[in-house]
Amino acid sequence: MDITLNGIRKRFSKEKEAIAGVDLRFPSGKVTAIVGPSGSGKSTLLNLIAGLLRPDAGTIFFDERDVTMVPPERRDIGFVFQSYALFPHLSVEENITFALHDRPVSKGAKAKSVSAMLKVFEITHLAKRRPRELSGGERQRVALARALAREPQILLLDEPLSALDAQLREHLRRELGTFLHSLDRTSVYVTHDRDEAMLLGDELVVMRDGSVVQSGTPAHVYRHPVDSFVANFFGDANLVRCDLDESKQRIVSPFGTFSVAQPLLLQPGQVACMLLRPEMFVPAGADGVIRLTVRSANFLGSKWRVEGRDATGVPLVVDLPSDMAVAEGEIVNVRIPRSSIHVLAVEAGRVSGDAARDESEHNLTGHFHHGKS
Amino acid sequence: MIERWGRRRMAWGYLTTAVVAVISLLPPLVAVSHSFRAPESEQWSGSSYEYVMTTYGNSLSFSLRLALFVVIASLVIAMPAAIAFARFPFRFSSVIEELIMTPLSLPGISIAIAVIIGYNSLRGNWLLLAMAQMLYTIPYVVRILGNSLRLLPLDELEDAARTLGAGRYLRYRHVIAPLIVHPTVLASLIVFAISWGEFNVSFLLATPTQLTFPAALFATYTSNSLSVAGAATAIFILGAVPFFVAFQLLERRPFEGGQGV
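Protein sequences appear in the order of chains A and B. Last residue of the first sequence: number 373 in this note's numbering, and the count goes up by one each step with no gaps. Last residue of the second sequence: number 261 in this note's numbering, and the count goes up by one each step with no gaps.
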């Protein structure tokens with residue numbers, strides 16, 4: 001079942017719109033991860049899809065059915081809450097049975113369904129326990145079993161792993177990913193964790209300040225972010241300022257001149273930047289394009305994480321194979337495969353150190369953002 | 001060494017508990033022990049109990065009926081207020097909630113006088129006594145229920161029930177109501193105990209036909225023998241026993257709020 005949002009708006013206060021006009025389509029049978037920092041509106045959007053909140057404007061369709069004003073109890077959805085929201089006074093078995101309260105079948109048939117769900121989620125031994133007697137992972141399984149007991153066409157999950165410790169989260173993340181993809185139902189998964197989003201989502205929706213910044217497959221969003229926010233959110237990124245020629249299809253960078261597939265349109269106040277992920281660099285021979293003077297080198301087991309500057313003073317962070325010999329003060333030759341280069345428009349104010357670099361002889365700016373935002 | 005320390009601490013715990021128990025229980029036990037002596041003699045007898053039941057039976061019955069009424073009326077009045085304060089807070093609601101607590105800091109005599117002046121038309125009516133007691137009991141219900149409701153993630157549980165297809169009635173019947181039973185019963189027990197043992201207001205507002213048992217107890221001490229007073233005390237304690245048992249049973253059953261869901 002497709003979910004389509006048209007012009008959705010929601011406001012909780014006069015000052016700020018929580019959802020500022022969102023148009024989206026969640027494809028049928030796919031897992032879509034909505035990702036963004038705290039306060040970006042991702043949980044609000046999920047609650048709007050569930051019907052727990054009503055939009056101030058816009059429409060929500062499940063396939064051809066307009067559900068904008070339909071209450072959640074009539075939307076045929078499954079919802080896994082961040083805290084799981086298991087009924088504390090009911091046993092695991094009773095929690096799942098509650099989901100079948102309106103099914104026109106006998107008690108025996110309901111018991112069979114519950115028993116089947118308990119088996120699927122391997123929680124049969126917990127059937128008589130209360131939620132307070134369960135571990136975080138067990139609660140998560142019960143919440144999923146309860147949400148799926150009604151066999152909903154749409155499954156909505158609001159940060160279901162965020163309450164767990166890091167080790168358990170890592171383990172359940174993989175398990176949940178396998179499970180969600182085996183369901184073949186439209187699933188919308190909200191998270192603030194980029195790794196979780198990339199692992200679980202067939203599609204990603206990146207949100208910031210109540211708006212969708214970018215959507216697409218994880219690989220596309222990672223390789224072709226639309227702006228510096230997305231570029232930094234999905235991993236370490238060297239954003240190196242470059243110039244566009246008149247055709248807007250060739251860029252002049254400190255590392256050479258490159259062609260880009262699509263002309264880059266810059267809005268007033270924007271500058272062009274090359275996105276170079278640390279892992280995109282490859283070691284080169286003596287004729288390498290970039291001569292990097294190593295300022296620090298950290299051995300991370302599977303790779304070296306090297307920080308340095310190129311000959312023009314552009315600071316770069318580069319990952320190098322762990323079998324290389326790297327030491328501080330040395331010069332390392334690296335190159336960038338042309339196919340890896342992505343150019344994006346960045347607000348000039350977001351490129352820190354711009355003013356200082358603009359005074360340099362090359363009139364080019366190197367900039368590095370550490371980690372995710 | 002650690003084991004020896006553990007034993008010493010345990011012994012210290014037993015000793016202090018025993019001292020507190022003796023200090024608390026000795027006076028009523030002495031009073032009760034006198035109840036089995038016949039008035040003006042050293043003979044063992046149950047006649048004092050017979051006397052108390054004959055003379056003050058009506059007071060016992062009145063106190064019991066009054067306490068039950070106060071429990072129900074306090075819940076009816078205070079429950080919606082507690083729900084409003086906890087689930088739908090509004091501007092100044094916390095100030096109003098604190099103001100409701102004011103009677104707890106006032107001496108009983110002030111409450112009695114205030115009630116007599118404020119509701120003079122009800123003078124002689126048992127409702128006046130009930131209202132005076134409710135000035136004490138309503139704050140307890142508001143506070144106990146309010147705090148419990150704040151601990152429960154009721155909004156989220158209701159939302160969960162909605163996504164599972166539950167309509168308004170089902171949500172109330174199977175999610176909200178079972179979760180507030182525990183604090184409601186607890187509040188009821190406390191209100192009953194307060195009303196059952198309340199003396200100050202009852203004494204001032206008492207009439208010959210509306211004499212509560214604690215006020216009657218006072219009369220036994222001032223006008224009867226020690227054995228009659230002891231018997232009245234024993235009956236009074238007996239009336240409170242179900243409350244203590246119920247309270248203990250409730251304490252053993254964990255409240256589901258604050259446990260995380």
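Source of the hints: derived by calculation from the structure; they are not laboratory data. As the structure is a computational prediction, the values presented were derived from the model and not from experiment. Be aware that a few hints might be false.
[Unchecked claim] One-sided excerpt, in silico: chain A residues whose CB lies under 8 Å from chain B: (1) Met-69; (2) Glu-73; (3) Ala-85; (4) Phe-299.
Idealized CB from N, CA, C, for every residue including glycine.
Against the structure, the hints come out as follows:
Against a cut-off of 8 Å between C-beta atoms, the interface hint on A:Met-69 is violated, since the closest Cβ of chain B lies about 15 Å away. Given hint, A:Glu-73 at the interface with chain B, holds; its Cβ is 5 Å from that chain's nearest Cβ, closer than 8 Å. Here the hint on A:Ala-85 is kept, as its CB sits about 4 Å from the closest CB of chain B, short of 8 Å. Hint status for A:Phe-299 relative to chain B: violated, with the closest Cβ pair at about 41 Å, above 8 Å.
The structure does not agree with the numbered hints 1, 4 stated previously, though it agrees with the rest.
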